[in-house]
Structures are given as C-alpha cells and as structure tokens.
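K.L.:
Working from the sequences, and respecting the hints, build out all of it.
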Amino acid sequence: MITIKKLHKSYPIGKDFLHVLKGIDLEVKEGEFVSIMGSSGSGKSTLLNILGLLDVHDEGEYYLNGQLIHDLDERKAAILRNKFLGFVFQSFNLISYKTAVENVALPLYYKGLGRKERHEKALEYLEKVGLKEWANHLPNELSGGQKQRVAIARALVTEPKVILADEPTGALDSATSDTVMEILGDINKEGMTIVVITHEEDIAEMTHRIVRLKDGIITSDEKTNQKVN
Amino acid sequence: MLKNIFDKDTWQEISEVLRKNKFRTAVTMLGVFWGVFLLVSLLGAARGLKNKFDQELGDFATNSVFIWAQTTSKPFKGFQKGRPITLNLKDVEIIRNGVEGVEYVVPRNQTTSTVKYKTRKVSFGISGDYPFLAEVQKQNLVFGRFIDHLDVEEKRKVCVISVDVYRQLFNEGEYVIGRYISINDINFKIVGLNKNGRNGPSDDINIPFTTFQEIYNKGEDISWMMITANSGYNINDVENQAKTLLKIAHNINPEDTRALGSFNFGELFKKLTGFLSGMQFLTIFVGISTLIAGVFAIGNILLITVKERTKEIGVRRALGAKPLEIKMQIILESVTLTLFAGVLGIIFGGFILYLINAFSENSPEPILVNASVSIPIVLAALGTLILMGSLIGLIPAHRAIIIKPIDALREE
Ligand SMILES: Nc1ncnc2c1ncn2[C@@H]1O[C@H](COP(=O)(O)OP(=O)(O)OP(=O)(O)O)[C@@H](O)[C@H]1O
Ligand SMILES: [Mg+2]
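Going down the list, the protein sequences come from chains R and X.
Take 2 as the starting number for the first sequence in my numbering and just add one per residue.
Take -15 as the starting number for the second sequence in my numbering and just add one per residue.
Any given hint could be a false lead.
[Unchecked claim] Here are the computed lysine to any residue pairs in the SDA-like style, where the Cα-Cα straight-line distance is at most 20 Å:
id	chain 1	residue 1	chain 2	residue 2
1	R	Lys99	X	Ile(-2)
2	X	Lys388	R	Asp59
3	R	Lys99	X	Trp(-5)
4	X	Lys65	X	Asn235
Worth flagging that the hints you see were computed from the coordinates, not collected in a lab.
Remember, it's a predicted structure, so these values are computed and weren't measured experimentally.
P.N.:
This is how it looks when you write it as structure tokens:
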C-alpha cells in the first residue's frame, strides 16, 4: 500500500537547511495497523505529511497504492487525497460552524456526491463511531473524544485506502484514548490500513507494528503482541 | 468548472458559509448595500426632480422664444426715446420669411374682459389664437376641441375655457360643451375645456384670433408672438435674427435692448437641463464611488476572513478540495455577497422612492414627481456588481490557495 525508499526531507531555515528525514525506507502493507513513535522533533509528523501528500519530499521514492508520487500538482494531490487517504488530526480540525454530520459529509462534497447521498453516508459513518444521536450538534457541543470520533467518521466516509492519524489521542484522557483506539482497531479489522503517530507506549501497543524514529532515521521496526486478524 | 456554478451543492455550501457566519456576512455587505442604496435613491430623486420640471414646463416647446414690444429706450432716426412700439401681423410675416430656421411664428392677442354666465360675473384673460398655438404649447383638453381653422376663417364666436374658469362659472359636474357664456357682452359657444399647465402666461379663455381682432377692434396689431426653431437651429440665433428684423421694421435703434421684450424658453431649458445633468452626474459619481468603496470593503473583509479561515481551508484541502474549487468558492462568496447587498440596496432604495412618491401624491405642490429608476439602469448596476464582485474576489481567492495545505493546517 505504501512503499518509501531512501526518503529525504529538509526544511529551509534562513540560509541553512534542517535535514529532518535522512533516508527512510518503509513498507506498509494493505490492512496493516502501524504506529510511529519517536521523541519530539524526530520527524514523525514530517513523514506522515509526506505520506498524506500534504507536503513533498526532496529525495527518494514514494509509491502510494503502487503509484509513484512524483511532481504532483495541487489538483492531482487533492484528488488522490480525496480518493485514497483519510486524515485524523490531534486537534480534530472540525469546521466549527458545521454540525457533526455536515463535517462528516464534507469530503463527499469534494468527491462530487449529491447532497442526499452525502447525508445518508455521513449518518451511516457517524453511527459507526456511535454518534448518530449527535449528528446535528456543532463541534463545540461535543467532548474531545466525541470530536475525534466525528473526525474519524469524516476520514472514513470516502472509504479511503489508508487512514493517517497524527497523535489522534494526544488531546484526550486515557479512557477516551482507549475508545478512539478501539474504534481504529475495529476499522482495521475490517481491512483498513492505518498509520498512527503516538507518544504513548500503551497506545502504540494497541497497534500491530511499531516503527521508531530517531533524528530522521528508523531505529527499530517491530511487531507487537497484538493478534493480527 | 462552469458546472460548479450551476451545481446546487456549490450554492448550498456557500449559503451555509454565509448563513452560519451572519455577523461577518452582514458587516461585509454593508458598504455595497449603502452604495447601491444611495445610487438608487439619489438617481430616483434626480429623476423625480426632472419629471417635476418637465411637468411644469413640458407644455411649451423647448426651443421657443416669446417676443413682445415695449417702449424704446434710445432715440433713432429722428424718433425720440420713450416711443411705444406695437407688433403686428406684418412682423409675423417678416420673421416667417426672413429668419432662417423658424418653425412656427404664432401671433397672439391678449386682454382682460368680464365674462358672464347666468348670474355669475368674473373677469378673465382672453386670448385670440390660431389653431397652431397647439403646436408650440401643448393643449390638454379635457373635453371638446381647440380652436380650428374654420373658427378663424369664419370668425366664429366660440371659445375654449380653462378648468379654472369652469370652476368659477359653473357648478361641479356640469357639462359645458355647447353652452354659451358672454364675453364682453357677446355670446360665445364653449367648444373645449382645457386643463392648462400650471406655468407660463395664463390662458383663461381662448377665442379665434380673427374674432378677437373684430370684437376688440385690434386691426393688425398683436400682443406678442411665440417663435419656435426647427431642430438643428439654435433658438438664440433665431431670437437675435428676429429681433434685428423687428428693429429694422419699427425703426428701433439697433443698440436698444429695451424696446423688445423676450422670454427664451430654450435658454431656461438649457439651464435646467444643465442643472439636472449636473445633479445626475453628481449622484452617479457619489453612488459609484460609494459602490466601489463597498466592493473593495468586501474584498478586504474577505481577505481578512480568508486569513482567519486559513486553517479551515487547509482542512478542506486535506479532505480533497481542489485549488480551483477553493478559489471558486471564495469568488462565488464574493459575488453572492456583492449581489445580495446590491439587491437589498435596490429594494430599500426603491422603498424610499415609493415612500417619497406616496407622500408627493398627497401633497398639492410636490417637489418630486414620480421619482424612479429605470430597469436598464438597475440591470446594468447588477451586472457591474457581479463583475466587480468576481474581480475583487480574485484577490482573497488567490490568497487562499497560495499557501501550502500543510502550512495552512499548521496555522493556529
Ligand atoms: N515547516 C517547517 N519549517 C521548518 N522546520 C520544520 C517545519 N516543520 C517541522 N520542522 C522541524 O522539523 C523537525 C521535525 O518536525 P516534526 O513535526 O516532524 O517532528 P515530530 O516528530 O512530529 O515532533 P512532535 O512529536 O513534537 O510532534 C523539528 O525540528 C521541527 O522543528
Ligand atoms: Mg508531530
């Protein structure tokens, strides 16, 4: 599903460059549930943003679903994101003036679906994360965990190939974190490929594989004790 | 991309954004609303003022001049100054034949006489007229007809009376065509009831020119004449030429400016039209400047809101919004705001004009008559608004997509 080879990324800092990713090789197969760990500044988010086509790499190769990602313009990137990728952010990133169901329906709007179909599908996915009764509430009427579940429903609604989550539990207490991880686990059981960034060992232990980053290189890549379906 | 504009969902998305940010939307629209409102109400008022002038003066041909004779103020060819001059029918012929560009020369005689009907007795102005007076001063007949050629030829004792005369001599509702009134102790048959314009020399009663000559013993003399110029000729030139000829015919010193009196409607009209176009220009200028300022305000506020919405736009892009879709949305937001504000401005402006007209109708001497704005102007304004709205929307639209999605998402 995801294959990267010798991936490099630097950020320009004034006249200098900050070399953040220093040759990453990684393969994520379809249906895998992977967590990426590493200390702050190790380049986790940078990697995930490149995987998510939100940012571009400098060197190396990136294949998404077998397609070489190279010289994408914004339009093509947008189409690929809409088709293949679902995002879950630490800060939820729900649109504040849209209700839960409207937020979930938004990616379908950009996919070109009709209003009724969007609404039905959005409701269906809200039900999946257990929030059907909250469909018509605005984000500020929801708890953190509920917001993140709406965000997950939004990521899922287009039926993407991969879910990319940057510290999805970073803003949640541990009980809520567990619920969110359980939902992600369930989705994975249905065959979804998921990549999660986390700081917490116990969260990472709930995935099937932990990739550890340090200073822009992978230091370890191990299976966890979780039973793979 | 065009498909997007006609897509119901695009508009639903835009209306949602605008509806759910009501305060922002209202503030954004204020400038354009005010501009259009000003434009519509001021233009309407200017139109109303023009209509008012038209109504007051519209009965007279706009390219006409009245000429009458007074007394000389300078000696000439052995004549002393202070000599009274009287115009006559020969002068009419002289001007008809000798001045280039004259359309009509209408001689008129006027006097005051006692008019009687049954027991009522009132003094009115009597005019001796030719039928073609109607060509230079519109006659608004309520009933009957104006003086005609046979009346003049046969020196008939017929008359056209004004509504004013009617009110004073007859009872309301009485049908008067065919009735006889006595003018100067001679019976005249009423053939027409005339509703005169409010201004200009008052015509209480018109009788045939020849009849007037006979009963008042006027001979060839006339009180004054009305001259109109053919289109393409300057009424001032016609006036000057006519006066020159009259001065020669009556041995008046060419330098004498008092001997002949005149009233030039063309001049008056030019001044009024100049004043009105000046006013119209001013209103258009003020309105359009306000409008442009309003549109810029929309652009400016959208630019600010795009900045505020950077993160939202980043999220939309992460969810698969193509740059063109984002651009289009912001441009359409701009157009919608502009247009909506414009339409509101037109509605409120129209409402004000409606109120003005409602008040005017109930007032005996309205300042404005039928204050209104024409549909083409409204349509042109709306078209311009759409154009300006989309142009100004380009700026925030560009700003919205120039930032990379990842940087947009990082924004707090
Ligand atoms: N847009 C940018 N411009 C310049 N430097 C950046 C930019 N984004 C990230 N960096 C730098 O790159 C390094 C890696 O950042 P990254 O966000 O990938 O770290 P991270 O592993 O996600 O850290 P954290 O756990 O704190 O989220 C950091 O030193 C960061 O300061
Ligand atoms: Mg990070």
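K.L.:
For each hint, tell me whether it holds in the structure or not.
P.N.:
Verification of the hints:
{"no.": "1", "hint": "Lys99(R) x Ile(-2)(X)", "in the structure": "holds (12 Å)"}
{"no.": "2", "hint": "Lys388(X) x Asp59(R)", "in the structure": "holds (16 Å)"}
{"no.": "3", "hint": "Lys99(R) x Trp(-5)(X)", "in the structure": "holds (15 Å)"}
{"no.": "4", "hint": "Lys65(X) x Asn235(X)", "in the structure": "holds (11 Å)"}
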